[in-house]
Amino acid sequence: QIELIMEAIHKNRNMQYKKTMEVKQVCCSLLPYGALLYLSSLSRLWQLFLKLAQTKSALEDSDRSYQQSITSLEKIREEWQKEHIKACEFFETQECERISYFRGALWLHVNQLSQGCVQNDEKYEEIRKSLEMCSIERDIEFFVNLRKTGSSAPAPVVYENYYNAQRNVTPVRSPASVPISR
Numbered sequence: 001q002i003e004l005i006m007e008a009i010h011k012n013r014n015m016q017y018k019k020t021m022e023v024k025q026v027c028c029s030l031l032p033y034g035a036l037l038y039l040s041s042l043s044r045l046w047q048l049f050l051k052l053a054q055t056k057s058a059l060e061d062s063d064r065s066y067q068q069s070i071t072s073l074e075k076i077r078e079e080w081q082k083e084h085i086k087a088c089e090f091f092e093t094q095e096c097e098r099i100s101y102f103r104g105a106l107w108l109h110v111n112q113l114s115q116g117c118v119q120n121d122e123k124y125e126e127i128r129k130s131l132e133m134c135s136i137e138r139d140i141e142f143f144v145n146l147r148k149t150g151s152s153a154p155a156p157v158v159y160e161n162y163y164n165a166q167r168n169v170t171p172v173r174s175p176a177s178v179p180i181s182r
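For what it's worth, UniProt numbering labels the leading residue of the sequence shown as 1, then goes sequentially.
Bear in mind the hints are in silico, worked out from the structure with no lab data behind them. Some hints here could point you the wrong way.
[Unchecked claim] Here are the simulated lysine to aspartate or glutamate pairs, EDC-like style, with alpha carbons at most 20 Å apart:
| id | residue 1 | residue 2 |
| --- | --- | --- |
| 1 | K86 | E3 |
| 2 | K11 | E74 |
| 3 | K51 | D63 |
| 4 | K123 | E137 |
| 5 | K24 | E83 |
| 6 | K82 | E7 |
| 7 | K18 | E92 |
| 8 | K75 | D63 |
| 9 | K75 | E125 |
| 10 | K86 | E22 |
| 11 | K86 | E74 |
[Said to hold, decoys possible] Computed Cβ-Cβ distance ranges for the label pairs, DEER-style:
| id | residue 1 | residue 2 | range |
| --- | --- | --- | --- |
| 12 | A53 | K86 | 25 to 35 Å |
| 13 | Y124 | E95 | 39 to 49 Å |
| 14 | Y124 | C96 | 53 to 63 Å |
| 15 | E95 | I5 | 17 to 27 Å |
| 16 | E78 | H109 | 44 to 54 Å |
| 17 | D61 | I2 | 50 to 60 Å |
| 18 | M21 | C96 | 53 to 63 Å |
Ideal Cβ positions, reconstructed from N, Cα and C, are used throughout, including at glycine.
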């Protein structure tokens, strides 16, 4: 909306400036007729006098029109300047709010990340303390005592012939079982 207002005022200002320059050119183009009066012969003096009266009237009209155009242009310029200042102030306020919001959001996010790092460091310290208390030999012995099924290894599986009518009464065995060291 601000851009549309600024664009309309700018267009109006440019149009008034063109109109002012056209009127100024008409004013300047009528000036030589006054100088012709002094350079002419007496025979044409009456014609030039009439022409001078018409030119003087046109010159006064042009001058009035030029003054009005300058006055209108100045009013438009002042209005444009006021709107431009309002637009700049609005954009400055908007930018300050944007930066303030972004700064606050970023500050909050960084604080949350920092808090997370502190909490992580506390947990890591607990883990380090637990690891310092770890004894590999004790932990293995605890596991073995907790999960053991006996003090000797299981006996080997022996072959038995089920197709022979006479069964192996004394099965072939492997050497004696070896006790487990733990």
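Worksheet item: Taking 20 Å as the top limit, are the C-alpha atoms of K86 and E22 close enough?
Response: Violated. K86 to E22 sits at ~31 Å, over the 20 Å cutoff.
Fill in: Hinted pair K75 and E125, Cα distance within 20 Å
74 Å, violated
Discussion item. Please check whether Y124 and E95 have a Cβ separation lying inside 39 to 49 Å.
Written reply: For E95 against Y124, whose Cβ atoms are near 42 Å apart, the range 39 to 49 Å holds.
Worksheet item: Keeping to a limit of 20 Å between CA atoms, is the pair of K11 and E74 held or broken?
Response: At roughly 14 Å apart (the allowed maximum being 20 Å), E74 and K11 satisfy the hint.
Worksheet item: Does the alpha-carbon distance linking K75 and D63 stay inside the 20 Å limit?
Response: The given pair, whose Cα atoms are some 18 Å apart, holds under the 20 Å limit.
Worksheet item: Do the alpha carbons of K51 and D63 lie within 20 Å of each other, as the hint requires?
Response: 18 Å, holds
Worksheet item: Does the Cβ pair E95, I5 satisfy 17 to 27 Å?
Response: Holds, at about 19 Å.
Worksheet entry | Status of the given 53 to 63 Å range, CB of C96 versus CB of M21 | 41 Å, violated
Worksheet entry | 20 Å limit on alpha-carbon distance, applied to hinted pair K86 and E74 | Holds, because 18 Å separates the two Cα atoms, which is no more than 20 Å.
Worksheet item: Taking 53 to 63 Å as the hint, is the beta-carbon distance of Y124 and C96 inside that range?
Response: Violated: the Cβ-Cβ distance is about 42 Å, outside 53 to 63 Å.
Worksheet entry | CB-CB spacing for I2 and D61 relative to the 50 to 60 Å hint | 39 Å, violated
Worksheet item: Within 20 Å, alpha carbon to alpha carbon, are K18 and E92?
Response: 33 Å, violated
Violated hints for the displayed structure, listed by number in ascending order: 4, 5, 7, 9, 10, 12, 14, 17, 18.
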